[in-house]
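Participant: So the protein sequences, as listed, match chains A and B.
Letter by letter, the first sequence follows residues 205 to 318 of our numbering.
Letter by letter, the second sequence follows residues 8 to 119 of our numbering.
Do not take every clue at face value.
A few chain B residues that don't get close to chain A, going by computed Cβ distances all over 12 Å [to be verified]:
hint: 1; residue: Ser-14
hint: 2; residue: Thr-27
hint: 3; residue: Asn-84
hint: 4; residue: Leu-88
hint: 5; residue: Leu-97
hint: 6; residue: Glu-107
Mimicking SDA-like on lysine to any residue, the simulated pairs with C-alpha atoms at most 25 Å apart in a straight line are [said to hold, decoys possible]:
hint: 7; chain 1: A; residue 1: Lys-274; chain 2: B; residue 2: Gly-104
hint: 8; chain 1: B; residue 1: Lys-37; chain 2: A; residue 2: Asn-303
hint: 9; chain 1: A; residue 1: Lys-282; chain 2: B; residue 2: Arg-105
hint: 10; chain 1: A; residue 1: Lys-282; chain 2: B; residue 2: Gly-47
hint: 11; chain 1: B; residue 1: Lys-37; chain 2: A; residue 2: Lys-274
hint: 12; chain 1: A; residue 1: Lys-313; chain 2: B; residue 2: Lys-59
hint: 13; chain 1: A; residue 1: Lys-313; chain 2: B; residue 2: Arg-103
hint: 14; chain 1: B; residue 1: Lys-20; chain 2: A; residue 2: Gln-248
hint: 15; chain 1: B; residue 1: Lys-59; chain 2: A; residue 2: Lys-277
hint: 16; chain 1: A; residue 1: Lys-259; chain 2: B; residue 2: Glu-107
hint: 17; chain 1: B; residue 1: Lys-37; chain 2: A; residue 2: Gln-248
hint: 18; chain 1: A; residue 1: Lys-313; chain 2: A; residue 2: Arg-247
hint: 19; chain 1: A; residue 1: Lys-259; chain 2: B; residue 2: Arg-103
hint: 20; chain 1: A; residue 1: Lys-313; chain 2: B; residue 2: Ala-94
hint: 21; chain 1: A; residue 1: Lys-313; chain 2: B; residue 2: His-17
hint: 22; chain 1: A; residue 1: Lys-313; chain 2: B; residue 2: Lys-20
hint: 23; chain 1: A; residue 1: Lys-282; chain 2: B; residue 2: Lys-20
hint: 24; chain 1: B; residue 1: Lys-37; chain 2: A; residue 2: Tyr-237
hint: 25; chain 1: A; residue 1: Lys-259; chain 2: B; residue 2: Pro-112
hint: 26; chain 1: A; residue 1: Lys-274; chain 2: A; residue 2: Glu-256
hint: 27; chain 1: A; residue 1: Lys-277; chain 2: B; residue 2: Pro-106
hint: 28; chain 1: A; residue 1: Lys-274; chain 2: B; residue 2: Pro-106
hint: 29; chain 1: B; residue 1: Lys-59; chain 2: B; residue 2: Arg-105
hint: 30; chain 1: A; residue 1: Lys-282; chain 2: B; residue 2: Gln-48
hint: 31; chain 1: B; residue 1: Lys-37; chain 2: A; residue 2: Asp-301
Think of the hints as simulated: they come from the structure by calculation, not from any bench.
Glycine included, every Cβ here is placed at the ideal spot set by N, Cα and C.
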Amino acid sequence: AQTVTQSQPEMSVQEAETVTLSCTYDTSENNYYLFWYKQPPSRQMILVIRQEAYKQQNATENRFSVNFQKAAKSFSLKISDSQLGDTAMYFCAFALDSNYQLIWGAGTKLIIKP
Amino acid sequence: DAGVTQSPTHLIKTRGQQVTLRCSPISGHKSVSWYQQVLGQGPQFIFQYYEKEERGRGNFPDRFSARQFPNYSSELNVNALLLGDSALYLCASRHRGRPEQYFGPGTRLTVT
Numbered sequence: 205a206q207t208v209t210q211s212q213p214e215m216s217v218q219e220a221e222t223v224t225l226s227c228t229y230d231t232s233e234n235n236y237y238l239f240w241y242k243q244p245p246s247r248q249m250i251l252v253i254r255q256e257a258y259k260q261q262n263a264t265e266n267r268f269s270v271n272f273q274k275a276a277k278s279f280s281l282k283i284s285d286s287q288l289g290d291t292a293m294y295f296c297a298f299a300l301d302s303n304y305q306l307i308w309g310a311g312t313k314l315i316i317k318p
Numbered sequence: 008d009a010g011v012t013q014s015p016t017h018l019i020k021t022r023g024q025q026v027t028l029r030c031s032p033i034s035g036h037k038s039v040s041w042y043q044q045v046l047g048q049g050p051q052f053i054f055q056y057y058e059k060e061e062r063g064r065g066n067f068p069d070r071f072s073a074r075q076f077p078n079y080s081s082e083l084n085v086n087a088l089l090l091g092d093s094a095l096y097l098c099a100s101r102h103r104g105r106p107e108q109y110f111g112p113g114t115r116l117t118v119t
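This is chain B alone, in the form it adopts within the complex:
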């Protein structure tokens, strides 16, 4: 089976712009989570979705939003980009009832 996929791989945006990142979970996984990893740090939890409903939100401003589609894929949107939003954005999927999360390769966002 294919693993978690994310697109695009790399992205360069200008301050103030908006960006959409995409994630497809492992087949059969209905839970998707998003994490932000700033260079040199551990990831920080942003959102968790299960069965198309938001199940958790980390300490991120309202400029960050997400959604999950009927096929369980997910999008992360960030508005009014700031230089500090430059990071690796990781998507992870999880099978219902199991705690382990499996990660995609990430999207590297650079804001200039």
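So here's chain A without its partners, still in its complex pose:
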């Protein structure tokens, strides 16, 4: 069975700083995807970034980038130049390419302070 672990329940940084959220996962499969989703107070789940396990290159989307370490089963999210609008719950999620069913971590609450 696959599991996803987020060990940081809450983080807080100043606006414009860089912050890194951690995620580890466990699987015996080789073909899968990893995602970071953002859930602001409105509770709308928003896709931030996606990584294919077969790609060695780390995914980047504007201020958001990941550090994907397949051997270590680690998938961290780095947010650069953090903004007040980045305040939200951030969830790490895993999906096998055979079924695309998302398995989620418990989330990290990120607070950006002005």
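Using the hints, position chain B against chain A.
Facilitator: Coordinates of chain B only, in the frame set by chain A:
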């Protein structure tokens, strides 16, 4: 294009009652999945449908059922509601061959 839509937004039911939640996927998306998110936790997978067929089911009791219609919209039904069914129910759609899922705003169900 419109995103994933869900109805109703909020719902209050009494223990033992039945509820139906509705979801319309993004145009062109034929796969719909349902997730339950209890307050303070990450979502849990309930069902996945593709082309009107059930393609996956999470660890939920038989009180939970779903279906997908020819227009790819979907309904989630929960019978004999329990207090523990109180949660945000999220619907997500996915384009064939692509792994990313896009979520609707959710339906907040409160069971009293």
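Participant: Hints numbered earlier in the text: which of these fail when held up against the supplied structure?
Facilitator: 5, 6, 11, 12, 13, 15, 22, 23, 25
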